[in-house]
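A.B. asks: Generate coordinates for the entire structure from the input sequences, incorporating the hints supplied.
Residue-level listing of the chains:
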Amino acid sequence: MEQLLVPMICRIDKMIQETPDVRTYRLKFKEEGLMEKFRWMPGQFVEFSLLGSGECTFCISSSSTRKGYFDCSIKKAGLVTADIHRLLDEGDYVGIRGPFGNWFPLDEIKGKNLLFVGGGIGLAPLRALIQYCIDNRNDYKDFTILYGARTSADLCYKDEIKEWQENPLLKVILTIDKPEEAWPTNVGVVPKILEEVVKPVIENTKVITCGPPIMIKYTIQSLKKLGFADPDIITTLEMRMQCGLGKCGRCNIGSTYVCKDGPVFTNEQLRGLPDEF
Amino acid sequence: MEAVANKQLVSIEKPEIAAPPDWEPVIIGILCNWCSYAGSDLTGTSRIQYPPNIRIIRVPCSSRVDPWFLIKSLQTTADGVLVSGCHPGDCHYISGNYYARRRFLVTKKLLNFVGFHEDRIQFSWVSAAEGPKFAQVVAKVTGDIKKLGPLHLYKKENFEK
Amino acid sequence: MDYTNQIREIATRLFTEDKIDVFVGYRMTGFDDNQVPALIRDPKEVSQLVFTDKSVFNLTNYLKNEHTRNKRVGLVVKGCDSRSLNLLLTESQVKRDKLYVIGIACEGVIDEAGNKMQNCMECVVPDAVVYDEMVGTPKGKQGYQVNADIHELASKELVERRAYFEEIFENCIRCNACRHSCPMCYCAKCCIDQETSTLYNGANTKSSAFHALMTWSLHLAGRCVDCRNCEKACPSHLPLHLLHKWNERVIFENFQEHLAGVQEGDRGAFYKYSMQDPNDFIM
Amino acid sequence: MNVETFVTDKAGLVKFYEAIIANNETYAPVEKFGKFDFKRVLTLAECDPDSPITKTMSAKPLFFPRSAKILKYSADASGTDVKETDEDPLTGKRVILGMKHCDARGLQVLDKVYNWDYIDSDYQKRRQNSVIISSRCDKAETHCFCTSLDYDVENLDAMDVLIVHGLDGKIFIKARTEKGETFLKANPIDPASGIQHSASEEGMKKQYDAFAASFRLKMDYKNVNGKLSKIFDTPEFENVSASCIGCNTCAFICPTCHCFKISDEKIKDTGIRYKSYDSCNNGYFTLMAGGHNPRPVKYRRWRQRAMHKFVYYKERFGENLCVGCGRCAISCPVNISIFEVVNQVATTV
Chain W
655 MEQLLVPMIC RIDKMIQETP DVRTYRLKFK EEGLMEKFRW MPGQFVEFSL LGSGECTFCI
715 SSSSTRKGYF DCSIKKAGLV TADIHRLLDE GDYVGIRGPF GNWFPLDEIK GKNLLFVGGG
775 IGLAPLRALI QYCIDNRNDY KDFTILYGAR TSADLCYKDE IKEWQENPLL KVILTIDKPE
835 EAWPTNVGVV PKILEEVVKP VIENTKVITC GPPIMIKYTI QSLKKLGFAD PDIITTLEMR
895 MQCGLGKCGR CNIGSTYVCK DGPVFTNEQL RGLPDEF
Chain P
515 MEAVANKQLV SIEKPEIAAP PDWEPVIIGI LCNWCSYAGS DLTGTSRIQY PPNIRIIRVP
575 CSSRVDPWFL IKSLQTTADG VLVSGCHPGD CHYISGNYYA RRRFLVTKKL LNFVGFHEDR
635 IQFSWVSAAE GPKFAQVVAK VTGDIKKLGP LHLYKKENFE K
Chain C
263 MDYTNQIREI ATRLFTEDKI DVFVGYRMTG FDDNQVPALI RDPKEVSQLV FTDKSVFNLT
323 NYLKNEHTRN KRVGLVVKGC DSRSLNLLLT ESQVKRDKLY VIGIACEGVI DEAGNKMQNC
383 MECVVPDAVV YDEMVGTPKG KQGYQVNADI HELASKELVE RRAYFEEIFE NCIRCNACRH
443 SCPMCYCAKC CIDQETSTLY NGANTKSSAF HALMTWSLHL AGRCVDCRNC EKACPSHLPL
503 HLLHKWNERV IFENFQEHLA GVQEGDRGAF YKYSMQDPND FIM
Chain L
2 MNVETFVTDK AGLVKFYEAI IANNETYAPV EKFGKFDFKR VLTLAECDPD SPITKTMSAK
62 PLFFPRSAKI LKYSADASGT DVKETDEDPL TGKRVILGMK HCDARGLQVL DKVYNWDYID
122 SDYQKRRQNS VIISSRCDKA ETHCFCTSLD YDVENLDAMD VLIVHGLDGK IFIKARTEKG
182 ETFLKANPID PASGIQHSAS EEGMKKQYDA FAASFRLKMD YKNVNGKLSK IFDTPEFENV
242 SASCIGCNTC AFICPTCHCF KISDEKIKDT GIRYKSYDSC NNGYFTLMAG GHNPRPVKYR
302 RWRQRAMHKF VYYKERFGEN LCVGCGRCAI SCPVNISIFE VVNQVATTV
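So the protein lines, in turn, are chains W, P, C and L. My numbering applies: residue 655 is where the first sequence begins, and numbers increase by one. My numbering applies: residue 515 is where the second sequence begins, and numbers increase by one. My numbering applies: residue 263 is where the third sequence begins, and numbers increase by one. My numbering applies: residue 2 is where the fourth sequence begins, and numbers increase by one.
Heads up, some of the hints might be wrong.
Keeping only pairs whose Cα atoms sit at most 25 Å apart, straight-line, the calculated DSS-like set for lysine-lysine is [as the list claims (entries may be wrong)]:
(1) L:K40 x P:K669
(2) C:K357 x C:K534
(3) L:K267 x C:K333
(4) C:K468 x L:K33
(5) L:K315 x P:K586
(6) L:K70 x C:K468
(7) W:K914 x L:K315
(8) P:K669 x L:K267
(9) C:K360 x C:K281
(10) C:K468 x P:K669
(11) L:K267 x W:K684
(12) L:K33 x C:K378
(13) L:K40 x C:K468
(14) L:K113 x W:K914
(15) P:K669 x C:K281
(16) C:K378 x L:K56
(17) L:K269 x W:K684
(18) L:K11 x L:K171
(19) C:K326 x L:K299
(20) L:K299 x P:K669
(21) W:K871 x L:K299
Now the stretches of chain C that chain L is said to cover, found in silico as 3 or more residues with beta-carbon under 8 Å [what the hints assert, rightly or not]:
(22) 296-305
(23) 375-388
(24) 428-439
(25) 486-495
Keep in mind the hints are simulated off the structure, nothing from the lab. All values reported here derive from a predicted model rather than from experimental measurement. Glycine included, C-beta positions come from ideal geometry on N, C-alpha and C.
C.D. replies: Structure below.
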């Protein structure tokens, strides 16, 4: 197993400061030819290691349809992520293991209306799917992105959101929690905007949501209130992991291993699990 | 009652592996900012020679030195450690070195108890005006450690010699 | 030594007078003659309480437990336990007015084999020093004596001692049960405990065991009350008391006969100083 | 499988052990500070293959080491260089003496988690290259309850060679697996040492009956397993875990606990990454960087441990994770017995 835990070395191609505490690292494998072999699906995650500090789990925040690189968006939160922010810059090397876990049910969402509900750094896993869906736009019907953050400065991927807003095929709704000067659109927490502004069509719609645990909780409540069925609500769980291989036992929720059976679950599946996430 | 702890512990340390001929000890010197660090500065500006084996770390006060610093030093590169601060009564923070003194004694005795020669860890009071004394202290510590040879006990794997 | 009835009486009284929310005492395991600490919240369960010479575990450990936090607690303490309680009080870890302390005039507890524990034979303070109510007849303070193991080990050569301790560090499995069972270890982030600290050496190597045990024992120097919770918890049966007793001995001899937690309001040895402290070991 | 049974006496067994130690790389319980741990041995005198279970660590570290090096790395201006450690998990064959039958069963249970999906090849290698010689206990200790669980102790095939100390002083040796059979063939039993073929296995049966009768703890396993899976939210867990101090001893000495953590030791530009034991009773075990913790309080962690042992693993892999060795209860500083607790929860709720 020790070999499975040895990471491959990646070079940081580009570093984008998204918000004061979120950075996106664009990674490429150091070894020639590995990048082409590295295949992943939106929703999967990698073990990102800063050698000497430790290993952390991050989802891949770019789609496999954008070739030649992959992104990891990292928020400064704990010991390792603080070290990542402090020490890593363009041209540095990091270790990557993966990709692990399951992915968004791409076949099931084909031909449906899609509603993405993201909060804060929770847009990162959604971004992979959004990019994937934009690149296969014809497979999907209506396309709505609701994205909220605490302040306007905390909105991630600002440039990309601008692109999305300019795209006539997408509907992008932004919101911030507290009023700010020069903020043109909605103010209020995500579930409130979801109910009052977005007013989504329930028929033939799949909702994909991700964000802080508390946001997910209330978003799911609102969605239920709006009339969405459990199998139509898809979310991705955040759970402490160390190996990603279904061995270390950290991501156990009941008899489920989040690193193998997740991190993408429908609300129906989540309701079957003990309340420990 | 017999003073067990204060009795000189029998301490003959046999070098486990003979030191290579060109071996030079690595000594970590932890110096207080206000006295000993200034003292070592004076040693330099007065052009007094002292052995180059010491690697100096500056701390605000000798009471900043957690016993953990000494343990970590011995675990990694160091063959010996020297901690130096202000003379009793001269502490910039009034009483820091009195607290430190207690800790030093216990740390030294405990490390000695578990198998380190007592000369591996040494302490000194060097004031900002005592440039020559600092040179003497370093010379003595270096001499002592040279006699003892390289330290292998509990070295981390990356540092096994 | 059997104070079962007295303790049950007191606990019942405390519950009826509504003085406490939780009573921390001992109960039988239900399958052998060993005892489990019991956190009793229901007055009906008072009849489970016992106190005999098998009541070994230092209950002040439970004061850092979430079951007792911000509650009025009734607590049974032996001599050594009361010393740790004393220190916890001076270090502001518990509030005295939230505690109702039942002090025991302890006659010594026995280990699994039925022999009197070594620390009880060398006990300095058999009677509780902090209490609201005393059970048993106090014996008064005893003279301090050198730990027999320390005495033996200190007379050995450095090389022999080194070999002995190398074996100890070799056999440590780094479970950190010693730290968790210690009543004086209440830091939320411990420097030898896993992951919460950048200083941490997590691997199970001799070097990291040396680092962990030495740092731990030095952080407890002048505060260890010799209750031997750590030794009871150690799955490898390591003689951890050697490190603590040695420190205690050094401190007793050099720092005005300091013994941790014996006097009320007395801080740990490293939180005070004296002009008479030895200075001759410093150049 | 029709396997020969051998019978001998005490002196014969000693000779048998001595021959094994002389001809193989042997691991056996060695005493240190009153506790037996499995170590490499060169003579029979330094070990005790019949060490009491109450004082013996499990043999799990021989297969899942307490600390394993994952990699060494060094970083310089030209980039980072990662090397797999030169440590070879195990290439030679080895023999493990004196493993308890519950430990052997523990390995059988662990095989499931190590062989699903990603296969742990180091563990596999260690398993394949080890011959386990285990003697059946003479009587149950206070905390043992292996016969109450979901496996057949009498016909357990987790060990390769089984040794049974019969009631009348006869000692039976029998191969339990093909590996054990080949091992016994490769180490031909010396006729001079008094080991003979035995026609009847009645002595073994009698010994087992006496052993099974000596159990004080008996659990209705089906009931416990079925009950526990339904009572996740019972407040009883909070009561039974109240006296736990969260010291993790139970997980570190458990023959089936397999949680681990990965930690780096860094010095300047070089470092080593280790995989070492961890326990779900640690408060930070599931603590995430943002401060969210799915199991923030002790009783939740405790429940996870109990449920994982008795319910979740069974659901997922079809085996009970607890093997009933009672080591956790023996080592627990506050004398909590998982048997008592699980039984109490299952019967009172």
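A.B. asks: All hints are to be evaluated individually against the structure, with a verdict given for each.
C.D. replies: To see whether the hints hold, each was checked on the structure:
Distance restraint check for L:K40 and P:K669: the Cα-Cα separation of roughly 23 Å lies within the 25 Å cut-off, and the hinted pair is therefore satisfied. In summary, the hint linking C:K357 to C:K534 is supported, as the alpha carbons are separated by about 22 Å, within the 25 Å threshold. A hinted pair counts as satisfied when its Cα atoms are at most 25 Å apart, and L:K267 with C:K333 does not qualify at roughly 43 Å. Distance check on the hinted pair: C:K468 and L:K33 sit about 15 Å apart at the alpha-carbon level, within 25 Å; holds.
Between L:K315 and P:K586 the CA atoms are separated by roughly 45 Å; this puts the pair beyond 25 Å, and the hint is violated. Between L:K70 and C:K468 the CA atoms are separated by roughly 14 Å; this keeps the pair inside 25 Å, and the hint holds. Annotation: proposed proximity of W:K914 to L:K315 holds, straight-line Cα distance about 17 Å (limit 25 Å). Distance restraint check for P:K669 and L:K267: the Cα-Cα separation of roughly 14 Å lies within the 25 Å cut-off, and the hinted pair is therefore satisfied.
About 9 Å separates the Cα atoms of C:K360 and C:K281, which keeps this hinted pair within 25 Å; it holds. Distance restraint check for C:K468 and P:K669: the Cα-Cα separation of roughly 9 Å lies within the 25 Å cut-off, and the hinted pair is therefore satisfied. For a cut-off of 25 Å, the pair hint linking L:K267 to W:K684 stands: about 22 Å separates their Cα positions. As the CA atoms of L:K33 and C:K378 are separated by approximately 22 Å, the hinted pair is consistent with the 25 Å bound.
Between L:K40 and C:K468, the direct Cα distance comes to roughly 16 Å. Compliance with the 25 Å bound is thereby established for this hinted pair. About 15 Å separates the Cα atoms of L:K113 and W:K914, which keeps this hinted pair within 25 Å; it holds. Between P:K669 and C:K281 the alpha-carbon distance is near 55 Å, which puts this suggested pair outside the 25 Å criterion. The suggested pairing of C:K378 with L:K56 holds, with an alpha-carbon distance near 20 Å, which does not exceed 25 Å.
Among the hinted pairs, L:K269 with W:K684 is consistent with the structure: their alpha-carbon atoms are about 22 Å apart, no more than 25 Å. Taken as a hint, the L:K11 and L:K171 pair is honoured in the structure, with Cα atoms around 8 Å apart against an allowance of 25 Å. Of the pairs offered as hints, the one joining C:K326 and L:K299 holds, with about 12 Å between alpha carbons and a cut-off of 25 Å not exceeded. A threshold of 25 Å between alpha carbons decides the hint, and for L:K299 with P:K669 the separation of about 36 Å lies outside it, so the pair is violated.
Taking the CA atoms of W:K871 and L:K299, the gap is near 24 Å; set against the 25 Å cutoff, the hint holds. Only residues whose C-beta sits within less than 8 Å of a C-beta in chain L count toward coverage, and the region 296-305 of chain C has 6 of them, enough to reach three; the restraint holds. Remark: the region 375-388 of chain C is not confirmed as covered by chain L, as 0 of its residues place a Cβ nearer than 8 Å to a Cβ of that chain, below the required three. For the region 428-439 of chain C, the proposed coverage by chain L is satisfied: 8 residues have a C-beta within less than 8 Å of a C-beta in that chain, meeting the threshold of three.
For the region 486-495 of chain C, the proposed coverage by chain L is satisfied: 3 residues have a C-beta within less than 8 Å of a C-beta in that chain, meeting the threshold of three.
Going through the hint list in order, the structure does not satisfy hints 3, 5, 15, 20, 23.
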